[in-house]
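**Student:** Here are the chains, one letter per residue:
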Amino acid sequence: MITATTLKLNLGPQHPSTHGVLRLLLELDGEKILSCEPDVGYLHRGMEKMAEGMTYIQYLPTVDRIDYLAGCFYSELLCRTVEGAMGVNIPERIRAIRVTLLELNRIASHLLWIGAFLMDLGALSPFFYAMREREMILRYFEKLTGQRMMYNYFVFGGVRKDIEYLEDIEEIIKILPYKLNDYEKIITDNLIFLQRTKGKGVLEPTTALNYSITGVNLRASGVEYDLRKTDKLYEGFEFTPVVLEGKDSWARYKARILEIKESIKLIEQGVNKLKENTNFEQKHINPLNLKLPEGEYYSEIEAPRGLASIYIKSTGEDKPYRLKWRTGSYYSVNLLRKLLVGEYLNDAIAIAGSLDIILPEVDK
Amino acid sequence: MDINELKDIFGECELCQDKVCVKSKLYEVLEYIKNNYSFNVLKSITAVDLGSDVELLYRLFSTEDEENAVISIKVQNEADSVIDLFESARADENEIYDMFGIKFIGNEDLKRLYMPENWEGFPLRKDYVQDDTRLAWNDNSDNA
Numbered sequence: 001m002i003t004a005t006t007l008k009l010n011l012g013p014q015h016p017s018t019h020g021v022l023r024l025l026l027e028l029d030g031e032k033i034l035s036c037e038p039d040v041g042y043l044h045r046g047m048e049k050m051a052e053g054m055t056y057i058q059y060l061p062t063v064d065r066i067d068y069l070a071g072c073f074y075s076e077l078l079c080r081t082v083e084g085a086m087g088v089n090i091p092e093r094i095r096a097i098r099v100t101l102l103e104l105n106r107i108a109s110h111l112l113w114i115g116a117f118l119m120d121l122g123a124l125s126p127f128f129y130a131m132r133e134r135e136m137i138l139r140y141f142e143k144l145t146g147q148r149m150m151y152n153y154f155v156f157g158g159v160r161k162d163i164e165y166l167e168d169i170e171e172i173i174k175i176l177p178y179k180l181n182d183y184e185k186i187i188t189d190n191l192i193f194l195q196r197t198k199g200k201g202v203l204e205p206t207t208a209l210n211y212s213i214t215g216v217n218l219r220a221s222g223v224e225y226d227l228r229k230t231d232k233l234y235e236g237f238e239f240t241p242v243v244l245e246g247k248d249s250w251a252r253y254k255a256r257i258l259e260i261k262e263s264i265k266l267i268e269q270g271v272n273k274l275k276e277n278t279n280f281e282q283k284h285i286n287p288l289n290l291k292l293p294e295g296e297y298y299s300e301i302e303a304p305r306g307l308a309s310i311y312i313k314s315t316g317e318d319k320p321y322r323l324k325w326r327t328g329s330y331y332s333v334n335l336l337r338k339l340l341v342g343e344y345l346n347d348a349i350a351i352a353g354s355l356d357i358i359l360p361e362v363d364k
Numbered sequence: 001m002d003i004n005e006l007k008d009i010f011g012e013c014e015l016c017q018d019k020v021c022v023k024s025k026l027y028e029v030l031e032y033i034k035n036n037y038s039f040n041v042l043k044s045i046t047a048v049d050l051g052s053d054v055e056l057l058y059r060l061f062s063t064e065d066e067e068n069a070v071i072s073i074k075v076q077n078e079a080d081s082v083i084d085l086f087e088s089a090r091a092d093e094n095e096i097y098d099m100f101g102i103k104f105i106g107n108e109d110l111k112r113l114y115m116p117e118n119w120e121g122f123p124l125r126k127d128y129v130q131d132d133t134r135l136a137w138n139d140n141s142d143n144a
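Going down the list, the protein sequences come from chains X and W. Going by the numbering used here, 233 is the number at position 233 of the first sequence; the sequence numbering is gapless. Going by the numbering used here, 98 is the number at position 98 of the second sequence; the sequence numbering is gapless.
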């Protein structure tokens, strides 16, 4: 309801801290937010429509672009769905390769978030520190796959080629804990940071579940739900899901730092498995003549921004009849309708930033 | 979840493969299983155009029992909105309205989401025009 005393304000779509093109239509009373209406769709590429006109192998390179910061996860989803439909079990070494790369990708994604979030709050240096560490991971991916962000490395039944340069990964996981300690020294107990994040954007568990929030955001609100615990890919890997009770922006920051540490543990185990088991064999699925049997297929994975899932309906053709993606960020954007109400305008960016929204994932 | 119990209360329910297919009263069924089986998360709503009608798949999850359930309903152009039960449905229903043209009764916020405001047609429908002259990269484009 607009009255003479309220003001409508466009936040975005070209605001530097919306990380992409997100438009929030805010209604303000002074500095207080009365309502928030997210407007998305500026980056829509029609990923779902595109799938209906492409064969599976043609579609595979495009799925990295759904979330350009964590492309591996979407490749893995499509690959695992096709493998499941064709009744193929991937060998142990392939599984270890995939887990190692997924977790490296997750760390890269979380590091970028830490940098960008702090930059939203006005602290520039952590951005450069985080990018420096992320660069090590991107360099490794470049060495291995030839690509820095859109790896296109997972294929149906395996990976493109055997993993190499394990010593680089070991170097990365040796350095990272020290760097994380540095971040914690600069950021975690910083008074200004605490004032901007403690008690801001409080997300109650029931609200989070009602808005279908998953991933780190949900676990920072005290709900233990980590898909990796039940994921077959992660069988034989040990880790503890990060669950914090803080519910606020600060808890979401802390949860991501802790989650990076858990990912390092997983990578360590992955590297050990790769060293023990050097027998590289792939399951061959001929991509040129690939037709999924008639039926419906569904799989899900714990992506850095929450639960990601894929649904494929096949009529036995070489192209999917219908393909649907579910991405975590889309629901986080929807949550802003609730989370920003009652907060002040200068906290809006800090709260929206803390949810780790990435727009290509929203718009698909 | 007990399918026979649902059958007794709502009548036309059946188990097709791994999903529960209902013919009508979607809102009531979801409300019932939300309250009685602690399904507290609606993971997503998927729409599939089957030609004669559109199938909606509601993926529910219970954090207590770590259990998944899929409810399926076939609709023509209108369906019940479930935003009173699950706020996340607001996002899904808007997307389905934009891509399939299904009107969700009870949801006032439906608008074009990914497509431009004045766009005609619903892209993920199977009868959607393939050779769209409104697109700038079409050789026969109106705007060329």
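Think of the hints as simulated: they come from the structure by calculation, not from any bench. Small disclaimer: the values here were computed from a predicted structure and weren't measured. Just so you know, not all the hints are guaranteed correct.
[Said to hold, decoys possible] Straight-line Cα separation of at most 25 Å, DSS-like style, residue types lysine-lysine; simulated pairs:
| hint | chain 1 | residue 1 | chain 2 | residue 2 |
| --- | --- | --- | --- | --- |
| 1 | W | K34 | X | K291 |
| 2 | X | K338 | W | K34 |
| 3 | X | K49 | W | K34 |
| 4 | W | K25 | W | K74 |
| 5 | W | K111 | X | K49 |
**Student:** Confirm or reject each hint.
**Tutor:** A quick look at each hint next to the structure:
no. : hint           : result
1   : W:K34 - X:K291 : 37 Å, violated
2   : X:K338 - W:K34 : 22 Å, holds
3   : X:K49 - W:K34  : 32 Å, violated
4   : W:K25 - W:K74  : 11 Å, holds
5   : W:K111 - X:K49 : 19 Å, holds
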